[in-house]
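Novice: Protein chains in written order, with this note's numbering: chain A, 83 to 204; chain B, 14 to 129.
To be clear, the hints were calculated from the coordinates, so they are not data collected in a lab. None of these values were measured; they are calculated from a predicted model. One should not assume that every hint holds.
[Said to hold, decoys possible] DSBU-like, lysine-lysine: derived pairs with alpha carbons at most 30 Å apart: (1) A:Lys164 to A:Lys117; (2) B:Lys107 to B:Lys84; (3) A:Lys117 to A:Lys141; (4) A:Lys84 to B:Lys107; (5) B:Lys112 to A:Lys84; (6) A:Lys84 to B:Lys84; (7) B:Lys112 to A:Lys141; (8) B:Lys112 to A:Lys117; (9) A:Lys164 to A:Lys141; (10) B:Lys112 to B:Lys84; (11) A:Lys141 to B:Lys84; (12) A:Lys84 to A:Lys164; (13) A:Lys117 to A:Lys84; (14) B:Lys112 to A:Lys164; (15) B:Lys84 to A:Lys164.
[Said to hold, decoys possible] Here are some, though not all, of the chain B residues that point toward chain A, as calculated from beta-carbon distances under 8 Å: (16) Val50; (17) Ala63; (18) Arg67.
All C-beta atoms, glycine included, are put in the ideal place defined by N, C-alpha and C.
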Amino acid sequence: MKYAALLTNNADDVTAWEQLSSEEAAAARAEEVPKWEALFGELGPTGALGAGFELDSPKTAKTVRVRGGETLVTDGPFAETKEQIGGLMEIEAEDLDAAIAIAARIPVVFRASVELRPVIEH
Amino acid sequence: MQYLALIYGEEGRWGSLSPEDREREMGEYMALSQADVTRGGNELDSTATATTVRVRGDETLVTDGPFAELKEALGGYYVFECDSIDEACTWAAKIPAAKHGSIEVRPVYVDGGEQS
Chain A
83 MKYAALLTNN ADDVTAWEQL SSEEAAAARA EEVPKWEALF GELGPTGALG
133 AGFELDSPKT AKTVRVRGGE TLVTDGPFAE TKEQIGGLME IEAEDLDAAI
183 AIAARIPVVF RASVELRPVI EH
Chain B
14 MQYLALIYGE EGRWGSLSPE DREREMGEYM ALSQADVTRG GNELDSTATA
64 TTVRVRGDET LVTDGPFAEL KEALGGYYVF ECDSIDEACT WAAKIPAAKH
114 GSIEVRPVYV DGGEQS
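Whole structure, please, built from the sequences with the hints as guidance.
Specialist: Listed below in structure tokens is the structure:
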């Protein structure tokens with residue numbers, strides 16, 4: 083089964099990251115990178131990982147709607163929620179339990195959440 | 014540069030469409046899937062099938078449902094390769110759900126600086 087794993091961050095954490103200087107952000111990032119590399123190193127060879135995307139901060143988002151033939155573009159994410167989507171990973175797993183086992187190891191899961199959604203194959 | 018277009022819409026809507034409208038909309042999605050700028054994407058099963066995982070301390074907490082309940086639910090996404098977010102927004106506007114729902118366009122993170 084193919085799943086999309088929606089990786090969320092805690093909104094308060096996102097706000098705090100946005101206050102960091104670029105040096106501080108780079109240092110915070112350098113601390114996180116080994117956790118992700120370890121995950122990719124272990125799961126990569128199993129074939130469980132498909133495409134993955136780390137998204138830029140929600141403040142860089144634009145939301146697009148078309149109403150009555152007119153395109154309306156607003157700055158910011160679609161919804162302000164306590165947890166905010168920060169990335170997406172495509173996962174191949176035998177069943178939901180196997181996907182949960184993978185999700186439980188994705189670094190964001192300790193402070194926010196991972197939502198698993200089955201992908202509809204066309 | 015890559016952009017994710019997150020597609021939000023009312024979940025019951027598809028079921029209420031006539032077969033002709035569904036066929037036309039599906040055709041529009043298929044055409045967009047084959048556009049030059051499109052690098053990937055998926056349709057997601059409904060939020061009723063969602064499972065949300067959190068780990069607190071040593072405990073894995075698994076709940077049914079999405080991480081947040083929204084009036085419009087995430088139903089899928091496209092990955093677009095574009096020169097700017099404005100260009101990505103013009104492609105997002107071609108997604109059929111833009112006419113009744115909302116498309117959130119997010120730059121994929123690039124190390125060493127934000128995209129614009």
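Novice: Indicate, hint by hint, whether the structure satisfies it.
Specialist: Now for the hints, and whether the structure bears them out:
1. A:Lys164 to A:Lys117: holds (24 Å)
2. B:Lys107 to B:Lys84: Holds. B:Lys107 to B:Lys84 sits at ~22 Å (cutoff 30 Å).
3. A:Lys117 to A:Lys141: holds (25 Å)
4. A:Lys84 to B:Lys107: With Cα atoms ~26 Å apart, A:Lys84 and B:Lys107 stay inside 30 Å; holds.
5. B:Lys112 to A:Lys84: holds (28 Å)
6. A:Lys84 to B:Lys84: holds (26 Å)
7. B:Lys112 to A:Lys141: holds (23 Å)
8. B:Lys112 to A:Lys117: violated (41 Å)
9. A:Lys164 to A:Lys141: holds (15 Å)
10. B:Lys112 to B:Lys84: At roughly 16 Å apart (the allowed maximum being 30 Å), B:Lys84 and B:Lys112 satisfy the hint.
11. A:Lys141 to B:Lys84: Cα-Cα ~21 Å, so holds.
12. A:Lys84 to A:Lys164: holds (27 Å)
13. A:Lys117 to A:Lys84: holds (24 Å)
14. B:Lys112 to A:Lys164: holds (27 Å)
15. B:Lys84 to A:Lys164: holds (15 Å)
16. Val50: At 15 Å from the nearest chain A Cβ, B:Val50 fails the 8 Å test, so the hint is violated.
17. Ala63: holds (5 Å)
18. Arg67: Because about 5 Å separates B:Arg67 from the closest Cβ in chain A, which is inside the 8 Å limit, the hint holds.
In terms of the numbered hints stated before, the structure departs from hints 8, 16, listed from lowest to highest.
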